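Which chain is which? The protein sequence lines are A and B, in order. Here the working numbering runs 61 ahead of the position in the first sequence, where the first position is 1. Here the working numbering runs 461 ahead of the position in the second sequence, where the first position is 1.
Worth flagging that the hints you see were computed from the coordinates, not collected in a lab. None of these values were measured; they are calculated from a predicted model. It is possible that part of the hints are untrue.
Covered by chain A, according to a simulated footprint, are these stretches of chain B (three or more residues, beta-carbon under 8 angstroms) [as the list claims (entries may be wrong)]: (1) 497-506; (2) 724-735.
Output of the computed footprint for chain B on chain A, the stretches with three or more beta carbons under 8 angstroms from beta carbons of chain B [as the list claims (entries may be wrong)]: (3) 206-213; (4) 251-258.
Some chain B residues flagged as far from chain A (calculated, every beta-carbon gap over 12 angstroms) [claimed, not checked]: (5) D478; (6) A579; (7) K597; (8) G630; (9) K778; (10) E850; (11) A854.
Using N, Cα and C, we set each Cβ at its ideal position, and we do this for glycine too.
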Amino acid sequence: MSSAPAGTGSRRPRVPVERRWMGLDKRSIPYALVALAIFALWTVVVPRIDDAVAYDDQVSAGERFLIADGIVFTPTAGWQVDSGLRYDPDRPASAEQVVLVKNGVTFAVQSGDFDGTPDALLDQIDKVTTLTDNGEGFSVSNERVSLTTDAGDVGVAEAFTSARAAGSIAALVLDGTGVEIQIVGPPEQLSAVSDEIVSMVATIRRLDETGSAS
Amino acid sequence: MSTYPTDAVPGSAAAPDDLIQARAQALEESAWGERFHLVQPRNLCFWVYVVLMAIGVHHIFTSFSPVIGYYGDALAVGIVVNGVLGLVWWLWFRHIDRWEHQPFSLIVTAFLWGGVAATFAMAIQGNAAVMNLYAKLFGQEWASAWQAGLTAPFVEETSKFAGFLLLMGLSARLVRTVHDGLLLGAFIGLGFQVFEDTLYAVNAAFANFGTDPVGGAVGTAELRVATGFLSHPLYSALCCAGLVYLIGTAAQPRRVGRGIALVAAGVLAHLTWDSVVAFSNSAVATFAVMLSSALIGLGMLWYAFKTAAPAQGRYVKAILAPEVSTGVVTDEEVEALLDRKSRKSYLHGAGGHGHDRQQRVRRKHTLEAIRDLVDELVHAKGAESTEVEHARADIARLRAATS
Chain A
62 MSSAPAGTGS
72 RRPRVPVERR
82 WMGLDKRSIP
92 YALVALAIFA
102 LWTVVVPRID
112 DAVAYDDQVS
122 AGERFLIADG
132 IVFTPTAGWQ
142 VDSGLRYDPD
152 RPASAEQVVL
162 VKNGVTFAVQ
172 SGDFDGTPDA
182 LLDQIDKVTT
192 LTDNGEGFSV
202 SNERVSLTTD
212 AGDVGVAEAF
222 TSARAAGSIA
232 ALVLDGTGVE
242 IQIVGPPEQL
252 SAVSDEIVSM
262 VATIRRLDET
272 GSAS
Chain B
462 MSTYPTDAVP
472 GSAAAPDDLI
482 QARAQALEES
492 AWGERFHLVQ
502 PRNLCFWVYV
512 VLMAIGVHHI
522 FTSFSPVIGY
532 YGDALAVGIV
542 VNGVLGLVWW
552 LWFRHIDRWE
562 HQPFSLIVTA
572 FLWGGVAATF
582 AMAIQGNAAV
592 MNLYAKLFGQ
602 EWASAWQAGL
612 TAPFVEETSK
622 FAGFLLLMGL
632 SARLVRTVHD
642 GLLLGAFIGL
652 GFQVFEDTLY
662 AVNAAFANFG
672 TDPVGGAVGT
682 AELRVATGFL
692 SHPLYSALCC
702 AGLVYLIGTA
712 AQPRRVGRGI
722 ALVAAGVLAH
732 LTWDSVVAFS
742 NSAVATFAVM
752 LSSALIGLGM
762 LWYAFKTAAP
772 AQGRYVKAIL
782 APEVSTGVVT
792 DEEVEALLDR
802 KSRKSYLHGA
812 GGHGHDRQQR
822 VRRKHTLEAI
832 RDLVDELVHA
842 KGAESTEVEH
852 ARADIARLRA
862 ATS
């Protein structure tokens, strides 16, 4: 620990020999160890506890999840909820990204303001993904397919592959709100839950003024 | 070359020895004017600081480099807006550091810890893990409302004061008073706020599918500026001041109760401010929570400065005592320097109209010149120097014009 007096211009004094441990100033050690302990707590201990605790929040039959203000969907029962809020007409909430997981397949839905067509939205998603590093090795299938929800809204979908994952991206636009659905997982698992995925996408719809799905 | 005649101004040699010794003791105890050296290979705190800063820089690179290609403009907006806000705070903190003038290298070290190591090496990972745990243990709905308020105050405040502990370990002489805790804590918090808000601005660029990255960044920056007046500098100033009381130093005896109260106030102000989202359904409740957060934080900050002020005042009085004994400054002027009421009565003693107003301005200048004298005495470690002589002569010149 040293602070040279102003204006001396001399070398800082050596740490007295009786105050050294392994060449280090003993008085600095407690401060350094506490700082290291705080670092270890937040970057090693708590994350490991987090990893060790599994999500235990499964979708029940009939539950609706909020995608955006006034837009919901009804996931298939049994999917694990990693994030996202259930729709409760008595408890208004701001929508968050919904992430559901089942057998290694991730079904993620997010929304935002968007005025164009579903095709334009998918173009924008592809552009952003390609231009950021997250899109490393990102490529999409040549053909897009149409999808229609139970409420009659028409969207588009395409398959993609990247260095880290493979899956599909779907886009819908409902009254100025864009909805992006991304499905990622191993091919065999994707096949196993494909019917459930199609069914979940089809349930995306607006709420009417009473809070019921219209 | 001397600007003012100094022959008629008595030096400290004419002052009693006991006052000179008391001045030397005050300078020794306060460590005012001493330099800070970060590079201390025999100090473990130095190595911990370097390693955690390197980890923070790595995380900054991995956070920002993927988005620079597409969101470079948004990043630039975030840096400029938050940089300007940070600069304003920086200048204000330097202004209120009236006597001690923390070494520039020390406050840069504190600022960078807050921005780089505390934010990127520790808080981001800690926040994510704790928020995940809340969602797993208490459900998404509960977590959505309470996770911010019940995560950031603990993860972020401890990450910031880890840096303050390292500063104490790097310079026990310079970081030893409650005032040091307030000032350096504020700079650590400022670094945290500037870097975190820049990250928020970039994240906002992704909103709405990245169709308006600059608009998203500007909107977020505006929101943070509007609500950021009560933020990290305040929380960490309180926490670090409390830490000085809790640990106790050569210049500040341990005061556990006061320390716990200040740390709790910093955490509580942070907690209430970040919990506003839980009350978003009621405008009245939201306002009440924000107001109570502001009152807790600012009230305790006032208390912390008030309790820290007497120690600073003692040092200033001891440094100026030989000057009072030789007639360079008067007791009334010393009191006017240290106490608002005394200053008011000292300045009002000059009257308020016409010619008297000029006298009042001169008295203000005299007080400023006495501050300069304190600075010069601190810089010279209480010894005689040309600068000290000049400062004394300047006071004499102003007083002659005042009388």
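Need the list of violated hint numbers for this structure, in ascending order. 2, 3, 4, 6, 7 and 8
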